[in-house]
Amino acid sequence: MLTHKGYDWSQPLIEGPQDTGFASSFITTNGIQNSPYAFLRDGYLTMNVSEARTWPRGMKYTGQYGKSEVKKQGEGDPNWESSAYNMIIVNETEAFLDNHLASESDDPFFAYVALGAVHGPHTPPDYYLDGTPIAGKYSSPHMDMLFEMDKAVGS
Numbered sequence: 151m152l153t154h155k156g157y158d159w160s161q162p163l164i165e166g167p168q169d170t171g172f173a174s175s176f177i178t179t180n181g182i183q184n185s186p187y188a189f190l191r192d193g194y195l196t197m198n199v200s201e202a203r204t205w206p207r208g209m210k211y212t213g214q215y216g217k218s219e220v221k222k223q224g225e226g227d228p229n230w231e232s233s234a235y236n237m238i239i240v241n242e243t244e245a246f247l248d249n250h251l252a253s254e255s256d257d258p259f260f261a262y263v264a265l266g267a268v269h270g271p272h273t274p275p276d277y278y279l280d281g282t283p284i285a286g287k288y289s290s291p292h293m294d295m296l297f298e299m300d301k302a303v304g305s
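Just add 150 to wherever you are in the sequence shown, counting from 1, and you've got the working numbering.
No lab work stands behind these hints: they were computed from the structure.
Don't take every hint at face value.
Claimed, not checked - Below, a list of computed lysine to any residue pairs in the SDA-like style, where the Cα atoms sit at most 25 Å apart:
1. Lys222 to Glu244
2. Lys217 to Trp159
3. Lys301 to Gln223
4. Lys222 to Met151
5. Lys301 to Ala234
6. Lys287 to Phe260
7. Lys222 to Leu265
8. Lys222 to Phe189
9. Lys217 to Ser253
10. Lys155 to Ile239
11. Lys210 to Gly193
12. Lys155 to Glu242
13. Lys221 to Met151
14. Lys155 to Ala173
15. Lys301 to Leu279
16. Lys287 to Ile239
17. Lys301 to Asp256
18. Lys210 to Thr179
19. Lys210 to Met197
20. Lys210 to Gly166
21. Lys222 to Asp256
22. Lys221 to Pro258
23. Lys221 to Glu244
24. Lys222 to Asn198
25. Lys287 to Gly216
26. Lys210 to Glu225
27. Lys210 to Ser305
28. Lys210 to Tyr277
29. Lys210 to His269
30. Lys217 to Gly281
31. Lys210 to Gly286
32. Lys287 to Ala234
33. Lys217 to Lys155
34. Lys222 to Arg203
35. Lys222 to Trp159
Stated by the list, open to error - Pairwise CB distance ranges (calculated):
36. Ser160 to Ala245: 20 to 30 Å
37. Lys222 to Met293: 16 to 26 Å
38. Asp276 to Gln161: 18 to 28 Å
39. Gly208 to Thr179: 17 to 27 Å
40. His292 to Ala261: 20 to 30 Å
Backbone N, C-alpha and C fix where the C-beta goes; we use that ideal spot for every residue, glycine too.
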């Protein structure tokens, strides 16, 4: 999809959040569980398409934040880490809130923060942003992901 000649990624995502009135967005088009394994900011890819890689189905690997997995084959960012997904979303949301409060504190906003905790792959990070151990805390990776979600909501 990312390298298909029919797509022009120098243009914003068609029918994305910016087309429905949102001034700012940070999204994946298919969440944590499907390709493209990449983020879009304000309708534009945050990666260089020429660097896209094809992630094979069932790929398991250890990244900077813990064990990651790609369940379905597809293209994406070569630096994709499923174990970092929620922390990236939290950091982006925090940056948005800080910026909003500093520059537009009287303007209303809507933040839809879609965490990947309930979707596979269930690949919790080794540690949360505050240093709390996450992976291995409970008897299943899914429960670890829900624990991480609790941490994220409380951040």
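Straight-line alpha-carbon gap Lys210 to Thr179, limit 25 Å: 22 Å, holds
Would the hint linking Lys210 and Gly286 be met if the CA-CA limit is 25 Å? Given pair Lys210, Gly286 holds - Cα atoms ~17 Å apart, limit 25 Å.
Check the hint pairing Lys210 with His269 against an upper bound of 25 Å on the C-alpha distance. Satisfied, since the Cα-Cα distance of roughly 16 Å is no more than 25 Å.
Is 18 to 28 Å respected by the C-beta to C-beta distance linking Asp276 and Gln161? This hint is violated: roughly 38 Å between Cβ atoms.
If you draw a straight line from the CA of Lys222 to the CA of Arg203, is it 25 Å or shorter? It holds: about 13 Å lies between the C-alpha atoms, which stays within 25 Å.
Going straight from one Cα to the other, do Lys287 and Ile239 come out at no more than 25 Å? 22 Å, holds
If you draw a straight line from the CA of Lys301 to the CA of Asp256, is it 25 Å or shorter? Outside the cut-off at roughly 28 Å; violated.
Regarding the pair Lys217 and Trp159, is the alpha-carbon distance no greater than 25 Å? Not satisfied, since the Cα-Cα distance of roughly 30 Å exceeds 25 Å.
Is the straight-line distance between the alpha-carbon of Lys222 and that of Glu244 25 Å or less? 30 Å, violated
Taking 20 to 30 Å as the hint, is the beta-carbon distance of His292 and Ala261 inside that range? 25 Å Cβ-Cβ, so the 20 to 30 Å window holds.
Just to be careful, I want the Cα atoms of Lys222 and Phe189 compared with a cutoff of 25 Å; is the pair within it? Holds, because 17 Å separates the two Cα atoms, which is no more than 25 Å.
Please work out if Lys221 and Pro258 have their alpha carbons no farther apart than 25 Å. Between Lys221 and Pro258 the Cα gap is close to 38 Å, so the pair fails against 25 Å, i.e. violated.
The structure does not agree with the numbered hints 1, 2, 3, 6, 9, 10, 11, 12, 14, 17, 20, 21, 22, 23, 27, 33 and 38 stated previously, though it agrees with the rest.
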